[in-house]
Amino acid sequence: ETGVTQSPTHLIKTRGQQVTLRCSSQSGHNTVSWYQQALGQGPQFIFQYYREEENGRGNFPPRFSGLQFPNYSSELNVNALELDDSALYLCASSVGPGIQYFGAGTRLSVL
Amino acid sequence: TQLLEQSPQFLSIQEGENLTVYCNSSSVFSSLQWYRQEPGEGPVLLVTVVTGGEVKKLKRLTFQFGDARKDSSLHITAAQPGDTGLYLCAGEDGSSNTGKLIFGQGTTLQVKP
Numbered sequence: 001e002t003g004v005t006q007s008p009t010h011l012i013k014t015r016g017q018q019v020t021l022r023c024s025s026q027s028g029h030n031t032v033s034w035y036q037q038a039l040g041q042g043p044q045f046i047f048q049y050y051r052e053e054e055n056g057r058g059n060f061p062p063r064f065s066g067l068q069f070p071n072y073s074s075e076l077n078v079n080a081l082e083l084d085d086s087a088l089y090l091c092a093s094s095v096g097p098g099i100q101y102f103g104a105g106t107r108l109s110v111l
Numbered sequence: 001t002q003l004l005e006q007s008p009q010f011l012s013i014q015e016g017e018n019l020t021v022y023c024n025s026s027s028v029f030s031s032l033q034w035y036r037q038e039p040g041e042g043p044v045l046l047v048t049v050v051t052g053g054e055v056k057k058l059k060r061l062t063f064q065f066g067d068a069r070k071d072s073s074l075h076i077t078a079a080q081p082g083d084t085g086l087y088l089c090a091g092e093d094g095s096s097n098t099g100k101l102i103f104g105q106g107t108t109l110q111v112k113p
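Note that the protein sequences, when read in sequence, are chains A and B. For the first sequence, my numbering begins at 1 and goes up steadily by one. For the second sequence, my numbering begins at 1 and goes up steadily by one.
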């Protein structure tokens with residue numbers, strides 16, 4: 001139990017739709033990182049938020065966006081969903097660049 | 001672009017056997033972490049290695065960081081069915097201040113009773 005919770009656990013969307021995934025960080029953690037894990041692959045870094053500001057971004061298009069709130073919870077938004085967006089989306093909370101604690105993920109299926 | 005190559009990708013062994021998983025890169029990492037992930041769960045941190053040549057032991061698991069901090073290995077002695085899972089290595093990207101993790105593609109381990 002890492003203290004990081006994600007919702008929903010599963011989601012089915014159709015191509016072109018928009019989706020919002022949520023993450024509640026471990027208490028006291030001011031940093032949240034989002035990763036995409038395709039089936040059979042390791043997670044890939046999407047972006048990180050530190051104190052409500054984006055603090056680093058991976059190789060993902062602008063239709064992937066995020067927010068971090070004053071209580072350090074976070075959202076990942078994906079617009080214009082594509083079939084290849086089907087994956088497990090993981091968030092990880094930390095204190096700055098310290099050890100990251102992962103949630104159980106949201107499984108997104110795009111049909 | 002920093003990449004981590006894990007091998008093997010799949011491993012199916014009998015209970016009691018030993019195994020080694022490798023994680024290699026041409027890049028230097030400030031630290032390297034090993035995670036275990038079970039179906040429907042997020043990765044759970046097993047160990048972090050920081051110093052070149054460092055060896056850490058966690059019960060039957062032995063982790064080693066290469067002298068040049070570009071590679072690492074995970075050795076499991078006398079594997080048990082409870083060791084079954086996806087093992088991931090992840091390097092910390094020291095070029096940024098984000099603690100961004102670069103993951104290998106993972107090794108799926110199945111230990112048969």
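Honestly, the hints are just simulated from the structure, not real lab data. Heads up, the beta-carbon is just placed ideally off N, CA and C, and yes, glycines get one too. Certain hints may be false.
Residues on chain B that point at chain A, a partial pick, calculated with CB under 8 Å [stated by the list, open to error]:
(1) G40
(2) L45
(3) T84
(4) L88
(5) G104
Evaluation of the provided hints:
1. At a threshold of 8 Å, the smallest CB-CB gap from B/G40 to chain A is about 7 Å, leaving the interface hint in force.
2. Against a cut-off of 8 Å between C-beta atoms, the interface hint on B/L45 holds, since the closest Cβ of chain A lies about 6 Å away.
3. Checking B/T84 against chain A by beta carbon gives a least distance of about 16 Å; that is not within 8 Å, so the hint is violated.
4. Here the hint on B/L88 is kept, as its CB sits about 5 Å from the closest CB of chain A, short of 8 Å.
5. Evaluation of the B/G104 hint against chain A yields a held restraint, the C-beta minimum of about 5 Å falling below 8 Å.
Hint 3 alone, counting from the list given before, is not met by this structure.
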